[in-house]
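Trainee: Since the structure of chain A is provided, determine the placement of chains B and C on it from the hints.
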Amino acid sequence: MKHKAYPAIIGENVSIGENVTIKDGCVIGDNVTIADGSYIDYNVIIRDHVCIGKRSFVGANCILGEYQADFFDGFAADEKHVLDIGERALIRSGSILYSGSAIGKQFQTGHRVTIREHATIGDSVSVGTLSDIQGHCKIGNYVRMHSNVHIGQKSNIENYVWIFPYVILTNDPTPPSYALKGVTLKAFSVIATGSILLPGITVEGDSLVAAGAVVTKDVKQGDVVGGNPAKVISHVSRIKNHVTGESVYPWRYTFKRGMPWEESDYDTWYAKAVQQSDGL
Amino acid sequence: MKHKAYPAIIGENVSIGENVTIKDGCVIGDNVTIADGSYIDYNVIIRDHVCIGKRSFVGANCILGEYQADFFDGFAADEKHVLDIGERALIRSGSILYSGSAIGKQFQTGHRVTIREHATIGDSVSVGTLSDIQGHCKIGNYVRMHSNVHIGQKSNIENYVWIFPYVILTNDPTPPSYALKGVTLKAFSVIATGSILLPGITVEGDSLVAAGAVVTKDVKQGDVVGGNPAKVISHVSRIKNHVTGESVYPWRYTFKRGMPWEESDYDTWYAKAVQQSDGL
Amino acid sequence: MKHKAYPAIIGENVSIGENVTIKDGCVIGDNVTIADGSYIDYNVIIRDHVCIGKRSFVGANCILGEYQADFFDGFAADEKHVLDIGERALIRSGSILYSGSAIGKQFQTGHRVTIREHATIGDSVSVGTLSDIQGHCKIGNYVRMHSNVHIGQKSNIENYVWIFPYVILTNDPTPPSYALKGVTLKAFSVIATGSILLPGITVEGDSLVAAGAVVTKDVKQGDVVGGNPAKVISHVSRIKNHVTGESVYPWRYTFKRGMPWEESDYDTWYAKAVQQSDGL
Chain A
1 MKHKAYPAII GENVSIGENV TIKDGCVIGD NVTIADGSYI DYNVIIRDHV
51 CIGKRSFVGA NCILGEYQAD FFDGFAADEK HVLDIGERAL IRSGSILYSG
101 SAIGKQFQTG HRVTIREHAT IGDSVSVGTL SDIQGHCKIG NYVRMHSNVH
151 IGQKSNIENY VWIFPYVILT NDPTPPSYAL KGVTLKAFSV IATGSILLPG
201 ITVEGDSLVA AGAVVTKDVK QGDVVGGNPA KVISHVSRIK NHVTGESVYP
251 WRYTFKRGMP WEESDYDTWY AKAVQQSDGL
Chain B
1 MKHKAYPAII GENVSIGENV TIKDGCVIGD NVTIADGSYI DYNVIIRDHV
51 CIGKRSFVGA NCILGEYQAD FFDGFAADEK HVLDIGERAL IRSGSILYSG
101 SAIGKQFQTG HRVTIREHAT IGDSVSVGTL SDIQGHCKIG NYVRMHSNVH
151 IGQKSNIENY VWIFPYVILT NDPTPPSYAL KGVTLKAFSV IATGSILLPG
201 ITVEGDSLVA AGAVVTKDVK QGDVVGGNPA KVISHVSRIK NHVTGESVYP
251 WRYTFKRGMP WEESDYDTWY AKAVQQSDGL
Chain C
1 MKHKAYPAII GENVSIGENV TIKDGCVIGD NVTIADGSYI DYNVIIRDHV
51 CIGKRSFVGA NCILGEYQAD FFDGFAADEK HVLDIGERAL IRSGSILYSG
101 SAIGKQFQTG HRVTIREHAT IGDSVSVGTL SDIQGHCKIG NYVRMHSNVH
151 IGQKSNIENY VWIFPYVILT NDPTPPSYAL KGVTLKAFSV IATGSILLPG
201 ITVEGDSLVA AGAVVTKDVK QGDVVGGNPA KVISHVSRIK NHVTGESVYP
251 WRYTFKRGMP WEESDYDTWY AKAVQQSDGL
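Chains as they are written, first to last, in this note's numbering: chain A, 1 to 280; chain B, 1 to 280; chain C, 1 to 280.
Extracted from the complex, chain A is given alone in its bound form:
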């Protein structure tokens, strides 16, 4: 820091690890843990009971542990609400993460992401700029969400799911009502840009929801669905890479960047993972 023009405000019972950088203008509440090697950029607000894993980055103007609705009754936060963020997080500027969620390691966000309470998020998940995760949902490992994705409450997203920009997972079959039904996206499903998934829909793995689809029925394994309302328009086996000419799907055999099989190939990695009882 060049000089402390307006140093951080730091609360009580705060544990700050070694080699942590905290830039000017930050506000850090009570009972906060920031583990070794982390970097907290300018003007970050970390409310009470937030735990940030080692070697994490929190971008400027982020709010971590944001107030849940019960705060507004008496302008006082409930001590039972905590936010846990695993190691090596990269949370870009302007993001707001509520208290009451648990996030695995190597979490990445774009800018101005919102993640509300009661979201359970696995390891190595990324969430693009302006995405809005409404909480009360479950997201597995290695899920990739691009910009401006909207995940409604009660969504259930398994491991290795791709969600492209402006995809919306809805949850109210008869709006307005109290009878919400979440969308389920099974492992290895791919949801392309701007599609809308109606409440209660299940999309099986190794399938593709095409851009702009309005999905009103469950999607079977291997199907490509598109249109409004969406219909089966092809099968993933027919889709070829325009450069290499090879079949693209199942994509775990053609794409490895950032995936756990990055250093070898899917089958080798999988065999080893099963042997090591890490499971899928």
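Derived from the structure by calculation, the hints contain no laboratory data. Bear in mind the structure is a predicted one, so any value in this text is a computation, not a measurement. Where is the CB? At the ideal position from N, CA and C, for every residue including glycine. A few of these clues could be false.
What the hints assert, rightly or not - With a cut-off of at most 30 Å between alpha-carbon atoms, the simulated DSSO-like pairs for lysine-lysine come out as follows:
#	chain 1	residue 1	chain 2	residue 2
1	B	217	A	231
2	C	217	A	231
3	A	23	C	23
4	C	181	A	231
5	B	217	B	240
6	A	217	C	217
Said to hold, decoys possible - Incomplete in silico selection of chain B near chain C, CB under 10 Å:
#	residue
7	61
8	130
9	168
10	170
11	172
12	240
Mentor: Below, chains B and C alone, put in the same frame as chain A:
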């Protein structure tokens, strides 16, 4: 406040009521009124001529009374522009409300909402995260807008309208042109997720625009429209709640949370309201 | 400034021109130039190697020169990344512009715009609130992008293109893959609200993509395409202004606000421009 590391900057002729909390880092302009019991969180910018009703919450990093376009001519704001916000507002962090609008009581927003100038907004309205109200529009009472709704200029939204995520109300029938025509949503209409309403469209009450609809013609009372372009696909009387089995519409008989008939039922409330000349 | 409660932090080798206003709470890095007459509002973060042209406005809470991905390896920025912004920029509050881009003069944004690295942007371009330009793209002069537009990497947008709210330019024909193909929008094309353009699509000039279209094939000059998937639904010559009754397209003969032919008409301006060798 734990300590005044960087106290608020406060302008001239500012009236701050009793039991008001102003957190560090705020900037409050001239001729601002903050009524009793309100809570202004960290780093809020309140420009000149803003009036905030009692027991309101303004979240961190909000900007209230944001500059209109005329500011940029000489980097000076016009004194005639004011922003009035009624009592018990709950404006979540990162929202930007322009000067030149009037907002009723019990207004609620999500995060990073934008409301531009010349918006007239009634009582008990809520606006979800990232919604963008372009101003020059009229919004009634008890209107519920979810995340990422876009309300074009010249829109006219009556009381008790529901607007779900990513709905867009357009206004230029022949883009680009100077001849804007707003969308009209009548009382009790329901506009589901991701639908687009073309300029000049009127949606009658007790109707449902289905998710993903591209609405190019007026929607009649009781109709369900869907598709691209939208066609009549059903009648609201056929829609049943998947849990209770009851008819969902007209929804004022099956949904009451946050509505003025919350404590009784619609007919009882309505009869009393008429008797008391409160009108609808 | 009323008083320096928390004055700006200013780095080394910073050049600030005459009549520059810098409001409290700003952080200005090393090797920054802010030219004459500019106005930097509260809490702006300007990182290293940013150059802002004269008479520009940077709104509150903006971040200019935001870190690229390589920052996160060692929490250190690469000195080779610079951000150049031309004169008379108007960058509204909450916007984030990465280092590594070059932007022409009279650039305008709405609020909370994101522009990533390796975007080459011409003169007199405007980008609406919440729009997300993913970088690695080329945008010409006098391009108008409304709210919440998403410009994927490898997009190529020529001069005088209109893009309305929630339009998405995609780039991955076989998601997920490494074989991106950008969208090309030719001069004078008009892309209406909420349409999705599939990877590699070319839209010729003097055409109209209708609201909500999912465009899977190239669009020919003069065609109006709409629907999902989009088909030719009309010809631009049939579209009349609902007030004046005149043909709207080619729009350069019926719309001039903010265009270089604003003071005369398109043909007069064009003849003069050719004569002066300014080209188109």
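Trainee: A separate judgement is required for each hint: does it hold in the structure or not?
Mentor: To see whether the hints hold, each was checked on the structure:
no.: 1; hint: B:217 to A:231; verdict: 25 Å, holds
no.: 2; hint: C:217 to A:231; verdict: 19 Å, holds
no.: 3; hint: A:23 to C:23; verdict: 19 Å, holds
no.: 4; hint: C:181 to A:231; verdict: 26 Å, holds
no.: 5; hint: B:217 to B:240; verdict: 26 Å, holds
no.: 6; hint: A:217 to C:217; verdict: 26 Å, holds
no.: 7; hint: 61; verdict: 6 Å, holds
no.: 8; hint: 130; verdict: 7 Å, holds
no.: 9; hint: 168; verdict: 6 Å, holds
no.: 10; hint: 170; verdict: 5 Å, holds
no.: 11; hint: 172; verdict: 8 Å, holds
no.: 12; hint: 240; verdict: 28 Å, violated
Of the hints listed earlier, the one the structure fails to meet is number 12.
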